[in-house]
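With chain A fixed as given, assemble chain B onto it according to the hints.
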Amino acid sequence: MSDPIIRFDDVTFTYAATDEPALHSISLDIQAGEYVAILGLNGAGKTTLGLCVNGVIPTMLGGNLEGKVTVAGLDVSEYPVREMAKIVGMVFDNPEFQMSQMSVAEEVALGLENAGVPYEDMKRIIPETLELVGLAGFEERSPLGLSGGQQQRLAIAAVLAMQPQVLIMDEPTSNLDPIGKQEVFDMAAKLNRERGMTVIVIEHEVEVMARYADRVIVLDSGRVVMNGTPQEIFSQVDALGELKLRVPEAARLAQLLAKQELWSGPVPIRTESAVEAVNELLGAHNV
Amino acid sequence: MSMQMALPIAMIPGNSVIHRINPLAKIVWVVGYIALAFSTQNVFLLYGMALFAFLLAPIAGVTKPLLKGALILVPVASSLLAIQIIAPAVEKPWTHVADIGVLQLYGDGLYYGFVLLGRVVSCLLMALIMVMTTHPSDLFTSLSKLKIPYAFNFMLAMTLQLIPVFQREVGIIMSAQKSRGMKGRGFAAVLPSFVPVFVGAIERVQQLSISLESRGFGSNGFKTSYRQVKVRPSDWVIGIIGALLLATLVTVSIMRGLWSVSSLVVFPHIFVFWLFIVAAGTFAAIILATLIYAFKK
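Line by line, the protein sequences are chains A and B.
Under the working numbering, the residue at position 10 of the first sequence is numbered 10, and the numbers go up by one with no gaps.
Heads up: take any position in the second sequence, counting from 1, add 1000, and you land on the working numbering.
The following block holds chain A by itself, in its conformation from the complex (with noise of 0.2 Å):
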């Protein structure tokens, strides 16, 4: 296998102003295009773990971090946040609250123009990338004029007009409508089976994440505690339980069944493939 993309060498970070780690000895590979989804609760130490690969921590925000990020072979310590941009981009959970030009084109060009990017390059990097989010044709609107889920596109397009290898989303959906929803996972699906981008997601939307991601990473009090195929994440029903977690509802009706000793098999844990099981099981019994 060739060198992660990320890699996390035993971090322990600890915010500023509190006394318990955040992240807990963490140690972690993440291969280049890999689509992988983070969950935990609220408090876990998910958005700790995104700040770790674009560098804002320890860079920006201040803090006892120790063992090493490396990203791409550059330890995270030691670059700038503007350095690690070009690398790694990152798009938090308030889209508005991202949002700093008068024109969704300038939104986008905001990343190209502190990394220098020619007048020329830009006329084309903007309307491509706007065209790659669904966006194409709103070069002039005021990014506070869109809806949530057209301005979620819009921080996305803000990162990917640098055209960085990973793409970390922090929450992207939680203030969305569920078209909103749908729309940000299906883009950032395409980025990753298309372009090969290394995409990370922390989420909350189990359902989601069984469909699209490559990995599960679950995170409880800043340690990993999880970390697998989707399959084998969902399928441990009581397990996810214990942690306060949901699992996606297949997985939920298939372990019910299970108890009844109506179910045996691998636990599905995508909605199709429940329902096709299902209507076996149904044919089975003859009802």
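Hints listed in this document are in silico derivations from the structure and should not be mistaken for laboratory results.
The structure presented is a predicted model; accordingly, all values stated were derived computationally and were not measured.
There's no promise every hint is true.
Taking lysine to aspartate or glutamate and the DMTMM-like style, the derived pairs with C-alpha atoms no more than 20 Å apart in a straight line are [what the hints assert, rightly or not]: (1) B:Lys1145 <-> A:Glu120; (2) B:Lys1230 <-> A:Glu120; (3) B:Lys1223 <-> A:Asp121; (4) A:Lys190 <-> A:Glu171; (5) A:Lys244 <-> A:Glu205; (6) B:Lys1223 <-> A:Glu83; (7) A:Lys181 <-> A:Glu171; (8) A:Lys68 <-> A:Asp29; (9) A:Lys86 <-> A:Asp75; (10) A:Lys68 <-> A:Glu20; (11) A:Lys190 <-> A:Asp214; (12) A:Lys259 <-> A:Glu249; (13) A:Lys259 <-> A:Asp238; (14) A:Lys181 <-> A:Glu207; (15) A:Lys123 <-> B:Asp1138; (16) A:Lys259 <-> A:Glu280; (17) A:Lys181 <-> A:Glu96; (18) B:Lys1223 <-> A:Glu120; (19) A:Lys86 <-> A:Glu128; (20) A:Lys181 <-> A:Asp170; (21) A:Lys244 <-> A:Asp220; (22) A:Lys181 <-> A:Asp214; (23) B:Lys1230 <-> A:Glu140; (24) B:Lys1230 <-> A:Asp121.
Below, chain B alone, put in the same frame as chain A:
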């Protein structure tokens, strides 16, 4: 959520001759206006400047919003003139015009009152014309060409952006407080809204700073600009004419000892008396209306 409130003073989109002038040429005129206004006491010159600025409004198609923005002049004008009549800012002896109760009216300060007002009116109208015909981004791009630091320009641009956002936030918080049975209108309702608005603002700015930094904001390397502001020959002409004309007038004014023509302008006593009644009445009415609005249940 994403409803937008218009600022009372904002750019009025358009494609007039005035809109197309380069922001830097406009800045020359505004700065020149300010320099001239404060180096002359010639009322004819001051109101001539104001008239010239006002005549630009129909060309730019911003007459109506300009008049709306200029409403701020009503309390300024009425208070300035009323105060100059009862307490002239010139040396005694003062010519006593009339008495209203305990107030004694003098005509001597009125010329200076008109000078002060003329300064405010001419600079305000010119600045409003500029703001209303210039896209903020073009303005900031032009300012950065003048080597004004990027972060400073960004701060100005951000302020413009955040005003409508905070207006909306105040609205939301006041509705929330109203729904909990607190006062929903007036000063008494606005005051307790400040804490949540400021806390929200700090959170927003913190998040924004992380987001901006994640897009290379702090980069101290070479930056480019997406907005291209052209400088055409006509912009040079307008800028140079403005600079020469206004610099000449400043020089003339200073050489003529501020060019005051107060000896030529004599106000009849009856004019001073009625002007005071109107000005003081207007100002008192504005204060009263504000108080009534603020403390109305």
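Now the hints, each set against the structure:
no.	hint	result
1	B:Lys1145 <-> A:Glu120	holds, 19 Å
2	B:Lys1230 <-> A:Glu120	holds, 15 Å
3	B:Lys1223 <-> A:Asp121	holds, 13 Å
4	A:Lys190 <-> A:Glu171	holds, 18 Å
5	A:Lys244 <-> A:Glu205	holds, 14 Å
6	B:Lys1223 <-> A:Glu83	holds, 14 Å
7	A:Lys181 <-> A:Glu171	holds, 10 Å
8	A:Lys68 <-> A:Asp29	holds, 12 Å
9	A:Lys86 <-> A:Asp75	holds, 14 Å
10	A:Lys68 <-> A:Glu20	holds, 19 Å
11	A:Lys190 <-> A:Asp214	holds, 14 Å
12	A:Lys259 <-> A:Glu249	holds, 15 Å
13	A:Lys259 <-> A:Asp238	holds, 12 Å
14	A:Lys181 <-> A:Glu207	holds, 12 Å
15	A:Lys123 <-> B:Asp1138	holds, 17 Å
16	A:Lys259 <-> A:Glu280	holds, 18 Å
17	A:Lys181 <-> A:Glu96	holds, 15 Å
18	B:Lys1223 <-> A:Glu120	holds, 14 Å
19	A:Lys86 <-> A:Glu128	holds, 18 Å
20	A:Lys181 <-> A:Asp170	holds, 13 Å
21	A:Lys244 <-> A:Asp220	holds, 10 Å
22	A:Lys181 <-> A:Asp214	holds, 19 Å
23	B:Lys1230 <-> A:Glu140	holds, 19 Å
24	B:Lys1230 <-> A:Asp121	holds, 18 Å
The structure agrees with every numbered hint stated previously.
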